[in-house]
Amino acid sequence: MAVLEIRDLHVSVQTEQGSKPILRGVDLTIKKGETHAIMGPNGSGKSTLAYTIAGHPKYTVDSGSITLDGQDVLAMTVDERARAGLFLAMQYPVEIPGVTVTNFLRTAKTAIDGEAPPIRHWIKDVKSSMKNLRMDSTFAERNVNEGFSGGEKKRHEVLQMELLKPTFAVLDETDSGLDVDALKIVSEGVNRAKENTNLGVLLITHYTRILRYIKPDFVHVFVDGRIAEQGGPELADRLEDEGYDRFLVGEATA
Amino acid sequence: MTISAPEATTTKLENTGQLGYKKHTDGGWGLVPIQTRSERFASTNVEDFPAVTGREAVWKLTPIDRVADLIDGPLDGGVYDIDATLVEGVDVRWVDRTDTRIGSAGTPEERASANAWTQFEKALAITVSGEEAKTVRVRRSDLGSGARAAHVILEAKPFSTGLVILANTGSSLLTENVEILVGEGANLTVVTVQQWDDDAVHLASHFTTVGRDARVKHVVVTLGGSVVRVNPSTHLNAQGGEVEALGLYFADAGQHLEQQVYVDHDAPHTRSRVTYKGALQGAGARTVWVGDVLIRQSATGTDSYEQNRNLVLTDGTRADSIPNLEIETGDIAGAGHASATGRFDDEQLFYLQARGIPEEEARRLVVRGFLTEIVQQIGDPELEERLEIAIEEELNGTSLSTDGR
Ligand SMILES: Nc1ncnc2c1ncn2[C@@H]1O[C@H](COP(=O)(O)OP(=O)(O)OP(=O)(O)O)[C@@H](O)[C@H]1O
Ligand SMILES: [Mg+2]
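Each protein sequence line maps, in turn, to chains A and B. So for the first sequence, the working numbering puts the first residue at 377; every next one is plus one. So for the second sequence, the working numbering puts the first residue at -14; every next one is plus one.
Just so you know, the hints here were simulated from the structure itself, not pulled from any lab data. Some hints could be false.
To be verified - Quick list of simulated restraints, FRET-style, between CB atoms:
id : chain 1 : residue 1 : chain 2 : residue 2 : range
1  : A       : 492       : B       : 318       : 47 to 55 Å
2  : B       : 318       : A       : 507       : 57 to 65 Å
3  : B       : 300       : A       : 507       : 41 to 49 Å
4  : A       : 492       : B       : 23        : 50 to 58 Å
Small disclaimer: the values here were computed from a predicted structure and weren't measured. The beta carbon of each residue, even a glycine, is placed where N, CA and C say it ideally should be.
Just need the whole structure built from these sequences, with the hints factored in.
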């Protein structure tokens, strides 16, 4: 059973004023097939955790470890991590002028699998995944994320996740900026991936509404660079009622 | 990934900041032009120009020692071999200096251009007529190694439509003038492709006039050659005329690729879009882009935008990018410019790598994508494909990886 383990992770970011610590001892274990929701106030370090798992060069790991089935993830390059089965659906996907979605998807799939996908099969897969996500077929010939609306970018992230079939996916606020219909469509995509490939999910969100469609097994409250509390789905409901104040006060007096 | 800052210069106007898109301003742009472009000396006679010192506006960024044979001295102005496709509605022939079209689109503003004008014996005339779309390919591949002068007339008759590709390969030591006459209501695309051998030296001045409600797309692609400078100027002297000036260049180690683009808005409701993109790799790779746009008093309702973007792939390169906008009327629809020279966008690389694509391949994708934007706009699938391959070959010339990780 595949497992992603994060141990006592300390991460900082370089600023003009010097090194600024953001993650301050994160512990988290996700098994294949499990869904973990991470909720927390703005600036608490959720994206930092997501980017650190993916290997963004902006973040420096000061101590701690991330392993995937015992393999040292921190020793891997960004692309090696992806090929090892990690996927990050980004909060703000970037535009890549001149690179079409079709070309991008095929190149990524080939890189992940180590060989080009059989062409007929692949075209069929892309088409049906796009259809499921209600993405117009014209997207295939457009440049990656160029001129995509916020919601279209998020669907495009989920499309990639469905096609690349990772073992673990980190979804960084994939729900924000989506209307109710889009939220359902995107959630269905995540649930399909969970069903088809027994995907492990780390779902970062501000809102409980997506948790109505994607059922978490665990909920973690993220405050000031670490997990302040964890529990089952019921914790999300409590957060909805009470907000994060309880944790913030605790921090202040600590 | 450790990356040092590229050696690049970007000169911008001292103005009110981002010119952006402004509607109907009352002047007051606060522009102080470096030199009023419209007042440059012009003559068809080489003797009228003083010896070149290298301090002149038009020469100061060019390695004049490498082009000295073209600025001064004798040139072979005779006919040369060309390869032209036969197409209905396109006439290709050699004409005498007395052809009435010669001199109707422009006059040399520097000595090498005037030297060519003084010494050419016959001009190559390409005349496009008829409304149906057509493509003509003219190739020069055998110009030899002696210093040469050339003159090309490219005329699109009123209301004609055509795409003309001027392809240059082989070696050459060439200075030339290209006059492009776009008749009323015509729709002409001109693509000049420089894929010279490594030792070639080529200086070209293009002079375009655009008739009433006519449209010209002018594309300069420069990939090969030692020193290549193509200076296209467009005179929008009839109402409703429009130019789209596109450029793509890829400079390798030791190459000097330059373009001084000039758009002269001289009639109401004229429109210009200038987009040049370049990539640089290898020690001593050097590019120059100068973009002058003049909006005269007569050019009310002008809509103009120019931009230059350079992508620096390795250390030891230099890209100069100098936009310059002169506006003499307050009544314009819009005018703006943008210039940027930079390394890879690390966020783009991260995104691609996060999808499993190795760094080297990710870089190729980004560069190809960056330049493809221009290629895609040419409108000739055959040439577009050939250029994609040529860009691929340029990319294969050097390892793009900056470090091992
Ligand atoms: N380059 C940087 N310079 C300074 N501070 C930074 C930098 N990058 C991130 N930070 C800070 O790190 C903290 C954590 O940011 P992060 O993006 O991880 O938060 P988040 O929990 O994802 O917030 P949100 O809910 O708004 O997405 C923030 O306070 C942010 O300002
Ligand atoms: Mg965030």
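Comparing the hints with the structure gives:
no.	hint	result
1	492/A with 318/B: 47 to 55 Å	holds (49 Å)
2	318/B with 507/A: 57 to 65 Å	violated (42 Å)
3	300/B with 507/A: 41 to 49 Å	holds (47 Å)
4	492/A with 23/B: 50 to 58 Å	holds (56 Å)
The structure does not agree with numbered hint 2 stated previously, though it agrees with all others.
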